[in-house]
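With chain A fixed as given, assemble chain B onto it according to the hints.
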Amino acid sequence: MSIDTHAEHDAHGGHDGGHHEPPEVVDGRQRMAIWLFIGGDIITTAALLFTYLYLRGVNTGGHWMSMLGYPGPQMAGGHTYAWYQNAASLADPTNVMVGKLAAGLNWTVTLLTVLSALIIWGAEKALRSSKNAKNYSMTCWVAVLVTVVAIVLSFKQLQSIPQIYVAVNDSQTMSYTTYDSSMMVIIGSAVVHLFLLAFLGVGLAIRSARGVINGDKWYQARLVRLFWVWVGVSAIVVSATTTFINVVH
Amino acid sequence: MTSTLEHVAHTEAPQGGGLARRQNIFTGFLGGVVFGWASWAIAHHVLDQSSRNFSDMVVLFLTFGWTVGFWLGIGALNGPGRWLIGRDHTRADDLYYAGENQGVKRYWKFCTDHKVVGVQYIVMTAVLLGAGGILAMAIRTELIVPGNHFVDQQVYNGFIAVHGMLMILALIVAVAGPWGNFVVPIMCGARDMAFPRLNALSLWTLVAAAGLLLTVLGVGSLTMGWVVLAPIADQAGIGMDFFAMAIIVFTVSTTVAGVNTICTVMTMRTKGMTLARLPIMVWSAIIAAALGLYAFPYFSLVEAQTLMDRVFNTSFFIASGGGTGWLQANLFWLMGHPEVYVILIPAVGALFEIASVMARKPVFSYRTAIAGMAGLAGLSMLVWAHHMFTTGWAPNLGGPFMLTTELISLPTGLFFLVIVGTLWRGNIWMKLPTVWLFGFIFNFIIAGVTGIYLSDIPIDNQLHGTMFVTAHFHYVFVGSVLFGAIAALCFWYPKVTGRYLDETMGRISFWLVFIGVQVTFGAMFISGMRGMPRRYSSYALLFEHTNFITTIGAYMIMAGMLVLLAAVVRCWSHGEASGPNPWQANSLEWLVPTPPPLENFDVLPVITEDPYNYGKELVRS
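Line order of the protein sequences matches chains A and B. Going by our numbering, the first residue of the first sequence is number 1, and it counts up by one from there. Going by our numbering, the first residue of the second sequence is number 250, and it counts up by one from there.
Derived from the structure by calculation, the hints contain no laboratory data. Hints are supplied without guarantee of correctness; some may be wrong.
What the hints assert, rightly or not - Looking from chain A toward chain B, a few residues come up when the C-beta cut is under 7 Å (computed):
1. Gly40
2. Leu105
3. Tyr176
To be verified - Sample of chain A residues facing chain B (criterion: CB under 10 Å; computed from the structure):
4. Gly39
5. Ala46
6. Leu153
7. Thr178
8. Phe199
9. Val202
10. Ile206
11. Arg207
12. Ala240
13. Thr243
14. Ile245
As the structure is a computational prediction, the values presented were derived from the model and not from experiment. For every residue, glycine included, the Cβ atom is placed at its ideal position computed from N, Cα and C.
Just chain B, with the same shape it has in the complex:
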């Protein structure tokens, strides 16, 4: 079924046999647990149990075993194994892995169909957001009144770290995962992703990484926030080892996904789909993928070095051995700031798409939109040290980094220009995706303006480490990215399911989340400006009222998200039928049947115009 299999002899394989055809998520977990346990047992047998690092060593063995076992169990290594012995998959094998005629079972498997992977990413995103959201509620409940003891303080610290990283992982994949897989290949006129097996590998590697990250909650002892600052990370318990391995495994997933996305777009576009005709969502996907390829190697390296300090007694971040925490900070933030835009850019790309369709107008200044996204990606590589203004690292570089950070407001300003320009005097269709789009615009203004304050060194010296910073980046991630992701879900949901997301439930969800965001993070800004530090499990009476309000707002957000979840689940089978092109859009994903068939197109289309020629009669197949 795929275009990557040209060297394969296309003989039909006998049907129904082989262990590989019995692999699914359960055998994946079984493999992970068995190999993890075996590695744990081997570690106890071969390692010196009196060593100070024995526990860390055991965790290293265990996590490695879990990952490899999970890959083996789910079937991710079948392809490389068969490549090694020169017995490539047959056409029948490929169709099997693509889930042909397997119904819903294919969603529980290592399935190579990009649409199945897209749906699996939707579920994975929901799981990560759900887990991170529950932790957020626990954190806010702890903070509802000063001196509360809803959770133990060490547990609270662990919640802070794992909540942060779960949400970061969730938002990295929230748009690029589901829609980068489900719609981007169809938008290009491709039958699948360039490398379908790598596509499935990226998804299931994320599952393996998420398993490791969630284990941190069970073993505790992660006390230094999601950035896991050195040298505190060296002193933490074994939760840190699980955390670091989770990140290393996760970066494998993102690297593979990024390469796949870029190759798909650059080499699999159908005839006539020039770069100038690419839907803007596709541009956002490849820019974010390229930025991820630049950023995530730093992430895996810094976590590998943290592990080595803990397991092998190296001294990267330990001053007594000649190391320095600044190295960790530099490497981490070299990844950390581009990562923000790896998250943001696909959401913005989806919103450009939605604005155009819902306003029945072309994307305003298409090239400016691309320049904005590319400019943001480029600038994001030059701003990392603004996270370190108060650490004392390279004070002489403060000015240049302040400048580059403030320059970020230019490409983000272009985003507003493009969205508002697209909506301007449009015949706006106020459906659910549009509602979330307007919510994004409002929140992103607040996120952007407060970011300018924080980029100024004198103000940052006052606000760094306070709840003001927390409120700012939650306006970015929740108020902007999550709103964009939900808008994208509402927009493409009918293409996945053939049904609309319930308008009433969707609007109830919107207002709960929208008002909740303003209440939660508005009050949090005030707490921060009054000096309340981040990550504390208790606080002075001075901050009592604003924290109470913040917690109430957080509950509203959770309620809104639960309503949305209910709508998504209910409408999947009981929603109003939407037909193949409910928004009367022009891009290719709307011109194929719903749900799109395996390989998407019976015959590949030839593109003769750009996707935003609204106002002209649509030409459909």
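Here chain A stands alone, though its shape is the one from the complex:
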């Protein structure tokens, strides 16, 4: 490889020069990284939806939203419970159906996620125009608060997933239908994302309060916003899928 070690070194050269590139260059690099991470996350989201749609499609034994057994008494916690026996020993087995998860709660979490993304986006715009880092910090705390509420509601969602009491011979346990299993992993993934957003939001709030992020140095605010908006978009896609495609007819 031919190289010219004497030409145009000024842009990079000097003993300490070249180690500290202009913020725009670093920002471009970090934005590429964020987009790549989002790309990986898109694959994960697609795989989650593949799981959901595949299990619904194959509906093994008609158990997408049911298990074979007898309807049983409702037990503590408001969950739907049922008895499930070894099918071979059942005189007259019936499918015990579980209901769909509450779409309202699902969409509430989604809307809160989207709302937090919009807050972050708006705050970043305001930061870049008004240069007011204090306001930005306060708004980030609001976004974090909204995210925390979404996390709490997500846990409520997880709690509301109906379990089925399974008794096979002398073995007893709780189980979930494949619909509920899919919803659990989807909600679990959302919770992980929301925790990450809360971490990033707290970081933005503290950093802007300390002046590390301000009207002139807002690149990290944009990076976080990109990821935050993606999480909001993915929440909408996942919620729409699970709301409109669920029951097997």
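Just chain B now, with coordinates in the frame of chain A:
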């Protein structure tokens, strides 16, 4: 020192203080053990001990605690922690983390210098290969005669699973880890990776994952091969929980590494280093990284779902709850086949580089080489179901998947074309890297041709699940990838150490491994064609002779690898001095001092020609 720190106030930090400056691998392990133990204790305190899944829950707590504790102990979370509170690292901190003036101590730390990380990857690869190799010897010893009882049958099953996964992990990082870190940034004309802390994080996360995987051997009970097929995985003991968490943690490592590699190459090339001038090794690194970003999310998801089935009683893969093992198979192989090329492509990229330098010729049809690697990556996303031909899943899709699988032979054929075209009429320098390159060519032909047989459904119906398949993929992984990785080691070893790898010991190693591979897997092909199933701990007398021969061949491979290890260790301090550019190569890594200094270049070079203009006078700094 890095280009990622523009928002940092560059004030000098006081020297010598702080817990962070006392962190190293030992505090990492200490943190992992303490947090793991604490999580274990908390789990016993808060969980219902009468629950059927209590043990699995405890393992989940424990493995999570181990991982976080290890990260904390090694110092991986210092950066995010300081980011959170708005107190970024100072320039002095960054130089400290880069290992400035720390001598060999920096190799035991969370060091951000890409060359240190590269060397750490060499050691990590050796550890993984060594552990997997010992298991391979145990497996082959068990199989040397029928009805042998060298190890217990359940232990044998565990060895099969852990051997497979250890070797897969080792080969994923065997080229991309050491050389993707050590030489790729220099080849681009960069001072370091784009994100040095993420770079160190990827290495130490791999260490944490390897710790979890090796624990499986201690707790046993993994009985279903490295693919950990459902629903058997649901019935396995707690070894399965360690295994699944190891994979989830490992995918964090690969994702971070992949993003870092792509960003480094795409955004940190020096002036004049256009994409058309990139050394071919660099292309292979970013193509493999991109493919990994596509493939590994499936891996983490399928293992997460396996864990959930075991820990939370979900029903993803359990038919009685509405699940299906086919989901596991689909998700696993959506990852599984691209992963083969995540492993293979960097090795091939290194061999293109070696062929060009050692034949004193430009890479033959540079663009074809790139197209071959990209084509292979693209096609690999469309072939996963050939692993499921005999399962009964979607028989109507058999034809299309057979076609896409056979199409794989086109880009792999381009690899041969490029390597042979590069060597053709070259003034070939038969040094150690070249010897391993020729070994690769021979083995890769066998690997490729036997792969074509297996892609045909009628033949696959006969051979699936037999030792023929095992022999085929060992020709891919051992005969091809490992040969490529060793060639790369021989080639770049002088750049790392300033010394040649001993030619005599290297050639002894080569012939032992090369002949060992033919003996081992040649005989294994015959066992497979005669119907011997995979993974069995005993077999009929019909297969006695071929198994005996296979085991002898495996011992030869092990002997060869031990000779290589001895050469690597001995020559590190006692090898013949090589100077900065022993192969008279043109790419940038050879034009910097040996060993390369921190930040690689005093001044960044400006590139004016491509790296393969052999025959012209070299222009050096």
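> Can the hint on isoleucine 206 of chain A be confirmed by a CB-to-CB distance to chain B that is less than 10 Å?
Replying inline: holds, 5 Å
> Minimum Cβ distance from alanine 240 of chain A to chain B below 10 Å?
Replying inline: violated, 20 Å
>> The hint names threonine 243 of chain A as touching chain B; please verify it with the least Cβ-Cβ distance against 10 Å.
In response: violated, 20 Å
>> alanine 46 of chain A was flagged as interface toward chain B. Is the shortest Cβ-Cβ separation under 10 Å?
In response: holds, 8 Å
> If you take the shortest Cβ to Cβ gap from phenylalanine 199 of chain A to chain B, is it below 10 Å?
Replying inline: Interface hint status for phenylalanine 199 of chain A: holds (7 Å vs cutoff 10 Å).
>> Hint validation: leucine 105 of chain A versus chain B, beta carbon distance must be below 7 Å. Holds or violated?
In response: Violated, about 20 Å.
> Against chain B, with CB atoms and a cut of 7 Å, does the hint on glycine 40 of chain A hold up?
Replying inline: Glycine 40 of chain A check passes; min Cβ-Cβ to chain B is 5 Å, inside 7 Å.
>> Hint arginine 207 of chain A vs chain B: min CB-CB distance below 10 Å?
In response: At 4 Å from the nearest chain B Cβ, arginine 207 of chain A passes the 10 Å test, so the hint holds.
>> Would the hint on isoleucine 245 of chain A be counted as holding, given a Cβ-Cβ threshold of 10 Å to chain B?
In response: The hint is violated - isoleucine 245 of chain A has no Cβ within 10 Å of chain B, the shortest such distance being about 16 Å.
> Taking the least C-beta to C-beta distance, is leucine 153 of chain A closer than 10 Å to chain B?
Replying inline: violated, 20 Å
>> Let's test the interface hint: is any C-beta of chain B closer than 10 Å to that of threonine 178 of chain A?
In response: At about 4 Å, which falls below the 10 Å cut-off, the nearest Cβ of chain B leaves the hint on threonine 178 of chain A intact, so it holds.
>> Given a cut of 7 Å on the nearest C-beta pair, is the interface hint for tyrosine 176 of chain A held or broken against chain B?
In response: holds, 5 Å
Checked against the numbered hints given earlier, the structure breaks hints 2, 6, 12, 13 and 14 and satisfies all the rest.
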